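Asker: Protein chains in written order, with our numbering: chain A, 20 to 216; chain B, 467 to 627.
These aren't lab readings, by the way, just hints derived from the structure by calculation.
Given the structure is predicted, the values throughout are model-derived calculations rather than measurements.
Worth double-checking, as some hints may not be accurate.
Stated by the list, open to error - Result set (DMTMM-like, lysine to aspartate or glutamate): computed pairs, CA atoms no more than 25 Å apart in a straight line:
id, chain 1, residue 1, chain 2, residue 2
1, A, 205, A, 180
2, B, 537, B, 582
3, A, 158, A, 129
4, A, 167, A, 117
5, A, 205, A, 123
6, A, 158, A, 108
7, A, 205, B, 502
8, A, 205, B, 609
9, B, 576, B, 509
10, A, 167, A, 123
11, A, 167, A, 129
12, B, 537, B, 481
13, B, 576, A, 123
14, B, 553, A, 180
15, B, 545, A, 202
16, B, 553, B, 582
17, B, 545, B, 481
18, B, 545, B, 557
19, B, 537, B, 509
20, B, 545, A, 180
21, B, 576, B, 488
22, B, 537, B, 488
23, B, 553, B, 509
24, A, 205, A, 117
25, B, 605, A, 180
26, B, 576, A, 202
27, B, 537, A, 202
28, A, 158, A, 180
29, A, 158, B, 557
30, B, 605, B, 509
31, B, 545, A, 123
To be verified - If you want the ones that stay clear, here's a sample from chain A, every Cβ over 10 Å from chain B, calculated:
id, residue
32, 103
33, 140
34, 164
What the hints assert, rightly or not - Simulated restraints on C-beta separations:
id, chain 1, residue 1, chain 2, residue 2, range
35, B, 475, A, 136, 26 to 34 Å
36, A, 135, B, 548, 51 to 59 Å
37, A, 93, B, 590, 50 to 58 Å
Glycine included, C-beta positions come from ideal geometry on N, C-alpha and C.
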Amino acid sequence: MSPSWWLPDAAERHPSSLPLHILTPEVLSPAADIQEGTSKGSLAALDFPVVSSAFACRSNKNAKDEYGFMNSLRALIVDDSSVMRKIVERSLRQAGIELNQVLEAGNGAEALAVLQGSQVDLILCDINMPVMDGLEFIKQLQGVETAKGVPVIMITTEGSEAHVVQALSSGARGYIRKPFTAEQVKTQVIPALAGKA
Amino acid sequence: MSPVNELLATPASREQCASLLELATREVFQLMLGTELTAAPAEANPHQEVTSMVGLAGQLCGVLSVRCDEKAAALMTSKMLGVEPDKVGAEMCDALGEICNMVAGNFKNKITGLGDGCMLSPPTVITGSDYITYSIADKPALEVRLLFEAIPFSVSLEIHT
């Protein structure tokens, strides 16, 4: 059996990355220096890049090359701010996600109406919106046949733990707090899409 | 004592609260507009041609506002949208409202215990400078003045404890 190392505090070392789980010798650099002692145990000095398991050995490729499912995505962006909808779309593109079609809605009710006539691969949704907020939308989404299995990522200024728990327990696959970077969008969206695929 | 009242209890803690407000503002501009803000000189007096406001309710009650001139507002919008400033139109109020909303959200998320205990209102944006606001806040407003692309603007937080 190959040796492996578990780094339980990796998320704290790299808070912007996904937690590390198991590092096997394949992802360690050749700089590893292991000295065995007969009575004092062994000393291992390791020098390796810390990357999340989702991106291990792939970090130099762009998202499109890495993931076949990322070609020609159809995304629905739900936010009451048209400016924020444009920013989210730009962030997706900056994250290397190729968008074939971008649909927009100003609230949850509009989004449900959009989904009656269109199929999408990804939904990014604000929480605080008029008419129907993001949490109610994600609950009602479960009854929309054409949206079954479509990952929903919440993007909102509401960063409270209660909101995060509520969103995730309602079916959201990820949660991004405003302000955000394209890299943060990528970190949330790619695993969600991978889970769907 | 609530986390906010603790923050406002002494001049030193008010200073800390103002620092958090400044940090929250700098982060929003850095991440969403790709701009590093700089400290405004003491004599800088921002024009109040565009005012964006977000109300806070719960453990922290008050109003957070962002004030700037029209040129700064157009430039902020252009940076958010990635378009030339002369192409900015009706989106300006929407953009300023979102900036104010994100500053308020980012600020409250930096205070332990306030994330769940404080709600934000939808933003309101006022254009024009011929107006006076009457605040029911019972403490002087915290105000941070910064330079955005060499143009002064202010972020203020009026708190009703």
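Asker: Work down the list of hints and note, for each, if the structure agrees.
Answerer: Hint check results:
For the suggested pair residue 205 (chain A) and residue 180 (chain A), the alpha carbons sit about 22 Å apart, so the restraint of at most 25 Å is met. For the hint pairing residue 537 (chain B) with residue 582 (chain B), the CA-to-CA distance comes to about 36 Å; that exceeds 25 Å, so the pair is violated. Between the alpha carbons of residue 158 (chain A) and residue 129 (chain A) the distance comes to roughly 15 Å, so the proposed pair stays at or under 25 Å and holds. Taking the CA atoms of residue 167 (chain A) and residue 117 (chain A), the gap is about 22 Å. The hint holds against a cut of 25 Å.
Simply put, residue 205 (chain A) and residue 123 (chain A) have alpha-carbon atoms about 19 Å apart, close enough for the 25 Å limit, and the pair holds. Of the pairs offered as hints, the one joining residue 158 (chain A) and residue 108 (chain A) holds, with about 24 Å between alpha carbons and a cut-off of 25 Å not exceeded. For the suggested pair residue 205 (chain A) and residue 502 (chain B), the alpha carbons sit about 23 Å apart, so the restraint of at most 25 Å is met. Distance hint between residue 205 (chain A) and residue 609 (chain B) is unfulfilled; the C-alpha atoms sit about 35 Å from each other, more than 25 Å.
With a CA separation close to 29 Å, the supplied pair residue 576 (chain B) and residue 509 (chain B) exceeds the 25 Å bound. Of the pairs offered as hints, the one joining residue 167 (chain A) and residue 123 (chain A) holds, with about 19 Å between alpha carbons and a cut-off of 25 Å not exceeded. Taking the CA atoms of residue 167 (chain A) and residue 129 (chain A), the gap is about 18 Å. The hint holds against a cut of 25 Å. As the CA atoms of residue 537 (chain B) and residue 481 (chain B) are separated by approximately 30 Å, the hinted pair breaks the 25 Å bound.
A hinted pair counts as satisfied when its Cα atoms are at most 25 Å apart, and residue 576 (chain B) with residue 123 (chain A) does not qualify at roughly 31 Å. With a CA separation close to 39 Å, the supplied pair residue 553 (chain B) and residue 180 (chain A) exceeds the 25 Å bound. With a CA separation close to 18 Å, the supplied pair residue 545 (chain B) and residue 202 (chain A) stays within the 25 Å bound. A distance of roughly 39 Å separates the Cα atoms of residue 553 (chain B) and residue 582 (chain B); the hinted pair therefore is violated under the 25 Å criterion.
Our distance criterion of 25 Å between C-alpha atoms is broken by residue 545 (chain B) and residue 481 (chain B), whose separation comes to about 30 Å. In summary, the hint linking residue 545 (chain B) to residue 557 (chain B) is supported, as the alpha carbons are separated by about 12 Å, within the 25 Å threshold. A distance of roughly 19 Å separates the Cα atoms of residue 537 (chain B) and residue 509 (chain B); the hinted pair therefore holds under the 25 Å criterion. Under the criterion of a C-alpha separation no larger than 25 Å, the hint pairing residue 545 (chain B) with residue 180 (chain A) is inconsistent with the structure, at around 31 Å.
Between residue 576 (chain B) and residue 488 (chain B) the CA atoms are separated by roughly 11 Å; this keeps the pair inside 25 Å, and the hint holds. A hinted pair counts as satisfied when its Cα atoms are at most 25 Å apart, and residue 537 (chain B) with residue 488 (chain B) qualifies at roughly 21 Å. At most 25 Å may separate the alpha-carbon atoms for a hinted pair to count; residue 553 (chain B) and residue 509 (chain B) exceed this at roughly 32 Å. Under the criterion of a C-alpha separation no larger than 25 Å, the hint pairing residue 205 (chain A) with residue 117 (chain A) is consistent with the structure, at around 12 Å.
With a C-alpha separation of about 29 Å, the suggested pairing of residue 605 (chain B) with residue 180 (chain A) is violated against the 25 Å cut-off. A C-alpha spacing of about 21 Å is found between residue 576 (chain B) and residue 202 (chain A), which places the hinted pair at or below 25 Å, so the restraint holds. Between the alpha carbons of residue 537 (chain B) and residue 202 (chain A) the distance comes to roughly 30 Å, so the proposed pair goes past 25 Å and is violated. Restraint check: the Cα-Cα separation between residue 158 (chain A) and residue 180 (chain A) comes to about 19 Å, which is no more than 25 Å; the hinted pair holds.
Between the alpha carbons of residue 158 (chain A) and residue 557 (chain B) the distance comes to roughly 31 Å, so the proposed pair goes past 25 Å and is violated. Simply put, residue 605 (chain B) and residue 509 (chain B) have alpha-carbon atoms about 23 Å apart, close enough for the 25 Å limit, and the pair holds. Taken as a hint, the residue 545 (chain B) and residue 123 (chain A) pair is honoured in the structure, with Cα atoms around 21 Å apart against an allowance of 25 Å. Distance to chain B contradicts residue 103 (chain A) as a non-interface residue, since its nearest Cβ pair spans about 5 Å, not more than 10 Å.
The beta carbon of residue 140 (chain A) is kept farther than 10 Å from every beta carbon of chain B, the shortest such distance being approximately 24 Å. No beta-carbon of chain B is positioned within 10 Å of the beta-carbon of residue 164 (chain A); the least distance is around 32 Å. Checked against the hint of 26 to 34 Å, the C-beta distance between residue 475 (chain B) and residue 136 (chain A) comes to roughly 56 Å, which is inconsistent with it. A hinted range of 51 to 59 Å for the beta carbons of residue 135 (chain A) and residue 548 (chain B) is inconsistent with their spacing of about 32 Å.
The supplied range of 50 to 58 Å is broken by residue 93 (chain A) and residue 590 (chain B), whose beta-carbon atoms lie about 34 Å from each other.
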